[in-house]
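Going down the list, the protein sequences come from chains A and B. Just add 128 to wherever you are in the first sequence, counting from 1, and you've got our numbering. Just add 128 to wherever you are in the second sequence, counting from 1, and you've got our numbering.
Simulated from the structure, these hints should not be mistaken for lab results. Misleading hints may appear alongside valid ones.
Since the list gives no way to pick one copy over another, a pair counts as held whenever it fits inside one copy or between any two copies.
[To be verified] No more than 27 angstroms apart at the CA atoms, straight line, and that leaves these computed lysine-lysine pairs for DSS-like:
| id | residue 1 | residue 2 |
| --- | --- | --- |
| 1 | K512 | K522 |
| 2 | K442 | K321 |
| 3 | K289 | K162 |
| 4 | K197 | K130 |
| 5 | K130 | K396 |
| 6 | K522 | K162 |
| 7 | K496 | K364 |
| 8 | K496 | K562 |
| 9 | K486 | K514 |
| 10 | K522 | K321 |
| 11 | K289 | K486 |
| 12 | K321 | K333 |
| 13 | K442 | K516 |
| 14 | K328 | K516 |
| 15 | K520 | K442 |
| 16 | K486 | K280 |
| 17 | K308 | K243 |
| 18 | K340 | K514 |
| 19 | K308 | K328 |
| 20 | K516 | K162 |
| 21 | K514 | K318 |
| 22 | K516 | K459 |
| 23 | K467 | K396 |
| 24 | K509 | K520 |
| 25 | K197 | K509 |
| 26 | K498 | K562 |
| 27 | K514 | K321 |
| 28 | K467 | K486 |
| 29 | K509 | K496 |
| 30 | K152 | K467 |
There are 2 protein chains.
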Amino acid sequence: MKTIPKTLSGFMELYPQEQLVFDKIKNTIIDTYKSYGFYPLDTPIIEYSDVLLAKAGGETEKQIYRFNKGDNDLSLRFDLTVPLAKYVSMRSNELVFPFKRYQVGKVFRGERPQKGRFREFYQCDIDVIGENELSLKYDSEMINVIYDIFSKLDIGSFTIKINNRKILNGFFKYLNLDNKVTDILRIIDKTDKIGIDNVKEELSKLDISYDKINEIISFMNISGNNDEKLKILKEKYNDNELINTGINEIEEIINDLENRSIPTKNYKIDLSIARGLDYYTGVVYETVLDDYPNIGSVCSGGRYDNLAEFYTDKKLPGVGVSIGLTRLFSKLLEENLIKIDESSASDIIIVPLCDNYKYIYEINSMLKNKNISVSICYLDKGIKQKMKYANKMKNKYIILIGEDEVNKNTIILKNMIDGNQIEIEKNDLINIDKIIE
Amino acid sequence: MKTIPKTLSGFMELYPQEQLVFDKIKNTIIDTYKSYGFYPLDTPIIEYSDVLLAKAGGETEKQIYRFNKGDNDLSLRFDLTVPLAKYVSMRSNELVFPFKRYQVGKVFRGERPQKGRFREFYQCDIDVIGENELSLKYDSEMINVIYDIFSKLDIGSFTIKINNRKILNGFFKYLNLDNKVTDILRIIDKTDKIGIDNVKEELSKLDISYDKINEIISFMNISGNNDEKLKILKEKYNDNELINTGINEIEEIINDLENRSIPTKNYKIDLSIARGLDYYTGVVYETVLDDYPNIGSVCSGGRYDNLAEFYTDKKLPGVGVSIGLTRLFSKLLEENLIKIDESSASDIIIVPLCDNYKYIYEINSMLKNKNISVSICYLDKGIKQKMKYANKMKNKYIILIGEDEVNKNTIILKNMIDGNQIEIEKNDLINIDKIIE
Chain A
129 MKTIPKTLSG
139 FMELYPQEQL
149 VFDKIKNTII
159 DTYKSYGFYP
169 LDTPIIEYSD
179 VLLAKAGGET
189 EKQIYRFNKG
199 DNDLSLRFDL
209 TVPLAKYVSM
219 RSNELVFPFK
229 RYQVGKVFRG
239 ERPQKGRFRE
249 FYQCDIDVIG
259 ENELSLKYDS
269 EMINVIYDIF
279 SKLDIGSFTI
289 KINNRKILNG
299 FFKYLNLDNK
309 VTDILRIIDK
319 TDKIGIDNVK
329 EELSKLDISY
339 DKINEIISFM
349 NISGNNDEKL
359 KILKEKYNDN
369 ELINTGINEI
379 EEIINDLENR
389 SIPTKNYKID
399 LSIARGLDYY
409 TGVVYETVLD
419 DYPNIGSVCS
429 GGRYDNLAEF
439 YTDKKLPGVG
449 VSIGLTRLFS
459 KLLEENLIKI
469 DESSASDIII
479 VPLCDNYKYI
489 YEINSMLKNK
499 NISVSICYLD
509 KGIKQKMKYA
519 NKMKNKYIIL
529 IGEDEVNKNT
539 IILKNMIDGN
549 QIEIEKNDLI
559 NIDKIIE
Chain B
129 MKTIPKTLSG
139 FMELYPQEQL
149 VFDKIKNTII
159 DTYKSYGFYP
169 LDTPIIEYSD
179 VLLAKAGGET
189 EKQIYRFNKG
199 DNDLSLRFDL
209 TVPLAKYVSM
219 RSNELVFPFK
229 RYQVGKVFRG
239 ERPQKGRFRE
249 FYQCDIDVIG
259 ENELSLKYDS
269 EMINVIYDIF
279 SKLDIGSFTI
289 KINNRKILNG
299 FFKYLNLDNK
309 VTDILRIIDK
319 TDKIGIDNVK
329 EELSKLDISY
339 DKINEIISFM
349 NISGNNDEKL
359 KILKEKYNDN
369 ELINTGINEI
379 EEIINDLENR
389 SIPTKNYKID
399 LSIARGLDYY
409 TGVVYETVLD
419 DYPNIGSVCS
429 GGRYDNLAEF
439 YTDKKLPGVG
449 VSIGLTRLFS
459 KLLEENLIKI
469 DESSASDIII
479 VPLCDNYKYI
489 YEINSMLKNK
499 NISVSICYLD
509 KGIKQKMKYA
519 NKMKNKYIIL
529 IGEDEVNKNT
539 IILKNMIDGN
549 QIEIEKNDLI
559 NIDKIIE
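The task is simple: from the sequences and hints, build the whole structure.
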């Protein structure tokens, strides 16, 4: 009686070719994070439930994977921010601040499974945590990181939408709606998803007057380029201190982005961006692929005044970015924005056509010394079967080595796309990287 | 009321500098796996309990993290081999065989916590799975991979001990003890840990005669170099078919290792290596650090006839290697075999001493284009505080940029170890990689 092998729904498990592309994207993200000098961090997947849930609200608690083992009440992490808060507050005397860390790992949420939703998914996070204070330069550095990643990923043009929670909070205070800010922001945050009309309707359910709803909507839709938007805000809300602080911060950041030579087409002020999470208190940003707006935000983040307030009295302000890689990858697949068929597990495959393995391994070593990854096909079968295997591996080039080649001190390099093959002297393999690139 | 932030015992959580070194080792392992053309694989951490436990025995079931979510009986994976068996048997019609995959990920075992034991730990696995048959060349490739990794890790000399379960099985059949092979092998496997005398005592508890125990012990300790051991085995057990098959396989593999130019000092036949796991059926190997024998095996693996027999009728023979990275790292730390203090999160730190960020970012970009990772210190503090921060980051070199440098189109490169500093023309930064290496 065999057990039926199956994988849970809502848990991504890719085919080998797909996984190659997934990992390539993941490595682009990680390499970019590293290029900015973020430390790696790798916290456990399992934590004490009371630690993970110190700050969580109702929805999170319902979704969490929670269980007992021995006497312990345990949970699987549902994001990488709470573990960071735990980590930093446990070690606030030993860490050097500002503390820059990246963490790329799986998190778990037992949501009802639906298309595009995952119960186990990768988050790719960076955060910078300061002690008491943290320069705004780190906010613009975050935007620089996002710009670098989405430029390198080469999946079309993108826009980083920037807002400031201080502007929003100041505005709602001015409307005397500051007791409803969280609820309002949660609704506004859904604008892209549900449309303006539904936003209006949901806002009216909060007992907000028709006039105020219209003022909210027109505020969110202040138009123009970045300078024009800032000018209108300044003129209209000149006497609102919180809004002014928010405007100054955005101006400082935009000035810094200009110094960084980030093209202005890649970022814009969008007053409707709120980010639902309660802990953001300053600049927030979302990233959209211009040609695929229905994918929604593919990378978001922001500034928070106090990361670890549930664990410590120390004031630890921070700023962070998060990419939901599993969802992003599934969307890119869906939209045919990534090509699966062109990837191969190694740069080259050697197909031995004779038994002189001493020679074959010598060739293999020469290639590896040039940082070329090599798979050798050890199939105990005829040439036809071996070529069939090589073909399925999707390599652009393969190397054939038979008795003739051994005797002549050569190899055959075959281009699997056009079928051409050339003979190369063993000693000329020193330049193989120029030939196969 | 604050929640006390804490991490579960038995769960590794490193300091930033430690994590840098851990990741460096992990990346060396992954890069080596990739250089052989193994596909990446990333199966879920959570699986159906009946799938994970299809083949497991008593100990595993007791240790597993198992819980219900909704109607599902779920478990966290306790190794990467069972998920591979699941994966391959689910996709045996689509995968191309031999299927080479690596997987590096966390697995979970709720053992009683003790020094050096972890409940969450990394396994770094490779396996090659064939359809019906699989060349012995893949067995020697595994040994080649191990050789490459431990050479690159540069943690001292090491020996890969090689045996063949066929030789062991043939020998125990010859002793009429084939009904007790699993128990005997489990005891023999502990030789390094508990010593010969305790092995003898435990064997006697299996109702094995004094004479046979002595023959077992002397068999395990056949001495000499590889050729001499094989010669003795051949002479003594000439008429035992299983032993002969085992000897031939080892001979073929050793011949292949010679063709691969792997130094003979790095591998040796050791007839006492058994690998407790039931599924090994052919060549098995363990790796020990010569100067730290009490660390035990740091990398092991072997050949199995049938990976997925609990899920499918297809015959899928395989050969694999596994490195328990979390345990290895903790042992290397314990033995002072890795240096934590010499690692830094970026190649260089820029410490701005003026506000001309346009210039600073230009320098930053020039460095990044040379593939140098750069952290910029944005502390809003005086030079003393900034230098203190830079010092704690453990970088060998930092770059200082003040008004003078901006005006002269230069930078100051400071060696943090000897304190020397030199001024470099901006245009000469094109050669910075040669200066700081």
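Quick rundown of the hints versus the structure:
no.	hint	verdict
1	K512 to K522	within (16 angstroms within a copy, 56 angstroms between copies)
2	K442 to K321	neither (37 angstroms within a copy, 48 angstroms between copies)
3	K289 to K162	within (24 angstroms within a copy, 38 angstroms between copies)
4	K197 to K130	between (29 angstroms within a copy, 24 angstroms between copies)
5	K130 to K396	neither (57 angstroms within a copy, 39 angstroms between copies)
6	K522 to K162	between (30 angstroms within a copy, 16 angstroms between copies)
7	K496 to K364	neither (65 angstroms within a copy, 42 angstroms between copies)
8	K496 to K562	both (14 angstroms within a copy, 24 angstroms between copies)
9	K486 to K514	within (20 angstroms within a copy, 57 angstroms between copies)
10	K522 to K321	neither (39 angstroms within a copy, 46 angstroms between copies)
11	K289 to K486	between (59 angstroms within a copy, 23 angstroms between copies)
12	K321 to K333	within (18 angstroms within a copy, 70 angstroms between copies)
13	K442 to K516	between (63 angstroms within a copy, 21 angstroms between copies)
14	K328 to K516	neither (61 angstroms within a copy, 53 angstroms between copies)
15	K520 to K442	between (57 angstroms within a copy, 21 angstroms between copies)
16	K486 to K280	between (41 angstroms within a copy, 23 angstroms between copies)
17	K308 to K243	neither (32 angstroms within a copy, 52 angstroms between copies)
18	K340 to K514	neither (72 angstroms within a copy, 48 angstroms between copies)
19	K308 to K328	within (15 angstroms within a copy, 76 angstroms between copies)
20	K516 to K162	between (40 angstroms within a copy, 22 angstroms between copies)
21	K514 to K318	neither (54 angstroms within a copy, 42 angstroms between copies)
22	K516 to K459	neither (32 angstroms within a copy, 45 angstroms between copies)
23	K467 to K396	neither (30 angstroms within a copy, 45 angstroms between copies)
24	K509 to K520	within (16 angstroms within a copy, 59 angstroms between copies)
25	K197 to K509	neither (51 angstroms within a copy, 48 angstroms between copies)
26	K498 to K562	both (11 angstroms within a copy, 20 angstroms between copies)
27	K514 to K321	neither (51 angstroms within a copy, 45 angstroms between copies)
28	K467 to K486	neither (37 angstroms within a copy, 38 angstroms between copies)
29	K509 to K496	within (25 angstroms within a copy, 48 angstroms between copies)
30	K152 to K467	within (12 angstroms within a copy, 30 angstroms between copies)
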